[in-house]
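J.: Sequence:
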Amino acid sequence: MSSPDDSLARNKATILETGTHGRVVVLTATSKVMDEIEEQPRDRLTRIMQLWCIGKPLTEKMFNGNEGRSKGRKRLLMAFKAWKVRLYGCVGTLGGIKTFVIVSVDPAKKQEKADKNALKNAKIRIDDIDWD
216 MSSPDDSLAR
226 NKATILETGT
236 HGRVVVLTAT
246 SKVMDEIEEQ
256 PRDRLTRIMQ
266 LWCIGKPLTE
276 KMFNGNEGRS
286 KGRKRLLMAF
296 KAWKVRLYGC
306 VGTLGGIKTF
316 VIVSVDPAKK
326 QEKADKNALK
336 NAKIRIDDID
346 WD
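First residue of the sequence shown: 216, per the numbering used here; consecutive thereafter.
Heads up, a few of these hints could be off.
Only pairs whose alpha carbons sit at most 30 Å apart, straight line, appear in this in silico DSSO-like list of lysine-lysine [what the hints assert, rightly or not]:
no., residue 1, residue 2
1, LYS335, LYS313
2, LYS299, LYS331
3, LYS286, LYS331
4, LYS247, LYS271
5, LYS299, LYS289
6, LYS276, LYS247
7, LYS286, LYS227
8, LYS335, LYS247
9, LYS286, LYS247
10, LYS289, LYS247
11, LYS335, LYS289
12, LYS299, LYS247
13, LYS289, LYS313
The calculated label-pair distances, taken between Cβ atoms and stated as ranges, are [to be verified]:
no., residue 1, residue 2, range
14, ASP345, MET249, 16 to 24 Å
15, ASP221, ALA323, 28 to 36 Å
16, ALA224, THR274, 28 to 36 Å
17, GLY287, ASP258, 32 to 40 Å
18, ASP342, LYS313, 16 to 24 Å
19, ILE312, ARG288, 16 to 24 Å
Hints were generated in silico from the structure; no laboratory data involved. Backbone N, C-alpha and C define an ideal beta-carbon position, used for all residues, glycine too.
My request is simple: use the sequences and hints to build the entire structure.
T.: Now the structure itself:
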(Lines of atoms letter the chains of each structure in order from A and count residues from 1; the text may use other names and numbers.)
(Lines give C-alpha, C1' and ligand atoms only; values in the text may rest on other atoms or scores of the structure.)
Protein backbone atom coordinates (compact mmCIF):
# COMPACT_ATOMS: atom_id res chain seq x y z
CA MET A 1 0.00 0.00 0.00
CA SER A 2 1.34 3.43 -0.90
CA SER A 3 1.36 6.36 1.48
CA PRO A 4 -1.24 9.11 1.06
CA ASP A 5 1.49 11.58 0.08
CA ASP A 6 2.88 9.22 -2.59
CA SER A 7 -0.58 8.74 -4.09
CA LEU A 8 -1.21 12.48 -4.28
CA ALA A 9 2.20 13.20 -5.81
CA ARG A 10 1.79 10.38 -8.32
CA ASN A 11 -1.52 11.87 -9.47
CA LYS A 12 -0.46 15.51 -9.15
CA ALA A 13 -3.31 16.20 -6.74
CA THR A 14 -3.89 18.49 -3.76
CA ILE A 15 -6.13 17.90 -0.74
CA LEU A 16 -9.14 20.22 -0.48
CA GLU A 17 -11.07 18.66 2.41
CA THR A 18 -10.64 15.71 4.79
CA GLY A 19 -12.87 13.95 7.30
CA THR A 20 -13.61 10.68 9.03
CA HIS A 21 -15.36 9.26 5.95
CA GLY A 22 -12.80 10.26 3.31
CA ARG A 23 -11.20 13.19 1.56
CA VAL A 24 -11.61 15.33 -1.54
CA VAL A 25 -8.62 16.15 -3.72
CA VAL A 26 -8.24 18.10 -6.95
CA LEU A 27 -5.84 17.53 -9.81
CA THR A 28 -3.31 20.36 -10.02
CA ALA A 29 -4.29 21.20 -13.60
CA THR A 30 -7.95 21.48 -12.55
CA SER A 31 -7.31 23.58 -9.45
CA LYS A 32 -6.61 26.66 -11.58
CA VAL A 33 -10.15 26.54 -12.99
CA MET A 34 -11.55 26.21 -9.47
CA ASP A 35 -9.97 29.56 -8.60
CA GLU A 36 -12.29 31.16 -11.18
CA ILE A 37 -15.46 30.07 -9.37
CA GLU A 38 -17.33 32.95 -7.77
CA GLU A 39 -17.21 33.22 -3.97
CA GLN A 40 -20.81 32.19 -3.19
CA PRO A 41 -20.83 28.90 -5.14
CA ARG A 42 -17.23 28.17 -4.06
CA ASP A 43 -18.22 28.51 -0.38
CA ARG A 44 -21.27 26.29 -0.92
CA LEU A 45 -19.18 23.64 -2.71
CA THR A 46 -16.67 23.68 0.15
CA ARG A 47 -19.45 22.99 2.65
CA ILE A 48 -20.83 20.17 0.48
CA MET A 49 -17.37 18.58 0.23
CA GLN A 50 -16.98 18.84 4.01
CA LEU A 51 -20.32 17.04 4.48
CA TRP A 52 -19.23 14.29 2.04
CA CYS A 53 -15.94 13.87 3.93
CA ILE A 54 -17.74 13.20 7.20
CA GLY A 55 -20.23 10.81 5.59
CA LYS A 56 -23.38 12.94 5.69
CA PRO A 57 -26.01 12.19 3.05
CA LEU A 58 -26.15 14.73 0.22
CA THR A 59 -29.27 15.82 -1.64
CA GLU A 60 -29.69 15.76 -5.42
CA LYS A 61 -29.10 19.52 -5.42
CA MET A 62 -25.69 18.96 -3.82
CA PHE A 63 -24.44 15.84 -5.53
CA ASN A 64 -25.06 13.73 -8.62
CA GLY A 65 -23.80 10.21 -8.04
CA ASN A 66 -24.19 9.15 -11.65
CA GLU A 67 -22.94 11.35 -14.49
CA GLY A 68 -22.13 8.26 -16.57
CA ARG A 69 -19.16 5.90 -16.83
CA SER A 70 -15.76 6.19 -18.44
CA LYS A 71 -15.11 4.05 -21.52
CA GLY A 72 -11.82 2.46 -20.48
CA ARG A 73 -12.05 1.42 -16.84
CA LYS A 74 -15.82 1.92 -16.53
CA ARG A 75 -15.33 4.31 -13.58
CA LEU A 76 -18.45 6.11 -12.37
CA LEU A 77 -18.33 9.88 -12.89
CA MET A 78 -19.99 11.97 -10.15
CA ALA A 79 -20.39 15.69 -9.45
CA PHE A 80 -20.58 18.07 -6.53
CA LYS A 81 -23.11 20.79 -7.43
CA ALA A 82 -23.82 24.33 -6.30
CA TRP A 83 -25.98 26.68 -8.31
CA LYS A 84 -24.83 25.99 -11.87
CA VAL A 85 -21.24 25.01 -11.02
CA ARG A 86 -20.16 21.37 -11.25
CA LEU A 87 -17.05 19.65 -9.88
CA TYR A 88 -16.69 16.37 -11.77
CA GLY A 89 -14.75 13.42 -10.42
CA CYS A 90 -14.88 9.90 -9.08
CA VAL A 91 -14.31 7.95 -5.88
CA GLY A 92 -11.58 5.42 -5.26
CA THR A 93 -8.76 4.61 -2.87
CA LEU A 94 -5.55 6.64 -2.83
CA GLY A 95 -2.95 5.92 -0.17
CA GLY A 96 -5.43 3.65 1.58
CA ILE A 97 -7.97 6.47 1.99
CA LYS A 98 -11.39 6.77 0.32
CA THR A 99 -10.90 9.73 -1.99
CA PHE A 100 -13.07 11.80 -4.30
CA VAL A 101 -10.77 13.09 -7.05
CA ILE A 102 -11.98 16.22 -8.87
CA VAL A 103 -10.81 15.94 -12.47
CA SER A 104 -12.81 18.67 -14.19
CA VAL A 105 -14.78 21.81 -13.37
CA ASP A 106 -17.68 23.40 -15.21
CA PRO A 107 -17.56 26.84 -13.54
CA ALA A 108 -20.67 28.31 -15.15
CA LYS A 109 -22.96 25.62 -16.44
CA LYS A 110 -25.54 27.37 -18.60
CA GLN A 111 -28.29 24.77 -18.77
CA GLU A 112 -29.85 22.11 -16.58
CA LYS A 113 -28.25 19.22 -18.47
CA ALA A 114 -24.51 18.74 -18.25
CA ASP A 115 -22.30 19.93 -21.10
CA LYS A 116 -21.46 16.87 -23.24
CA ASN A 117 -17.87 18.01 -23.89
CA ALA A 118 -17.25 18.62 -20.19
CA LEU A 119 -18.54 15.15 -19.37
CA LYS A 120 -16.50 13.53 -22.14
CA ASN A 121 -13.29 15.20 -20.95
CA ALA A 122 -13.98 14.29 -17.32
CA LYS A 123 -14.55 10.63 -18.27
CA ILE A 124 -11.21 10.54 -20.08
CA ARG A 125 -9.43 12.09 -17.09
CA ILE A 126 -10.85 9.65 -14.53
CA ASP A 127 -9.38 6.76 -16.51
CA ASP A 128 -5.94 8.39 -16.14
CA ILE A 129 -6.00 8.36 -12.30
CA ASP A 130 -3.47 5.94 -10.78
CA TRP A 131 -5.55 4.33 -8.00
CA ASP A 132 -4.11 1.99 -5.34
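J.: Against this structure, judge whether each hint is valid.
T.: Consistency of the hints with the structure:
| no. | hint | in the structure |
| --- | --- | --- |
| 1 | LYS335 x LYS313 | 24 Å, holds |
| 2 | LYS299 x LYS331 | 15 Å, holds |
| 3 | LYS286 x LYS331 | 14 Å, holds |
| 4 | LYS247 x LYS271 | 28 Å, holds |
| 5 | LYS299 x LYS289 | 26 Å, holds |
| 6 | LYS276 x LYS247 | 24 Å, holds |
| 7 | LYS286 x LYS227 | 22 Å, holds |
| 8 | LYS335 x LYS247 | 20 Å, holds |
| 9 | LYS286 x LYS247 | 26 Å, holds |
| 10 | LYS289 x LYS247 | 27 Å, holds |
| 11 | LYS335 x LYS289 | 13 Å, holds |
| 12 | LYS299 x LYS247 | 18 Å, holds |
| 13 | LYS289 x LYS313 | 18 Å, holds |
| 14 | ASP345 x MET249: 16 to 24 Å | 21 Å, holds |
| 15 | ASP221 x ALA323: 28 to 36 Å | 35 Å, holds |
| 16 | ALA224 x THR274: 28 to 36 Å | 34 Å, holds |
| 17 | GLY287 x ASP258: 32 to 40 Å | 35 Å, holds |
| 18 | ASP342 x LYS313: 16 to 24 Å | 19 Å, holds |
| 19 | ILE312 x ARG288: 16 to 24 Å | 19 Å, holds |
Of the numbered hints stated above, none is contradicted by the structure.
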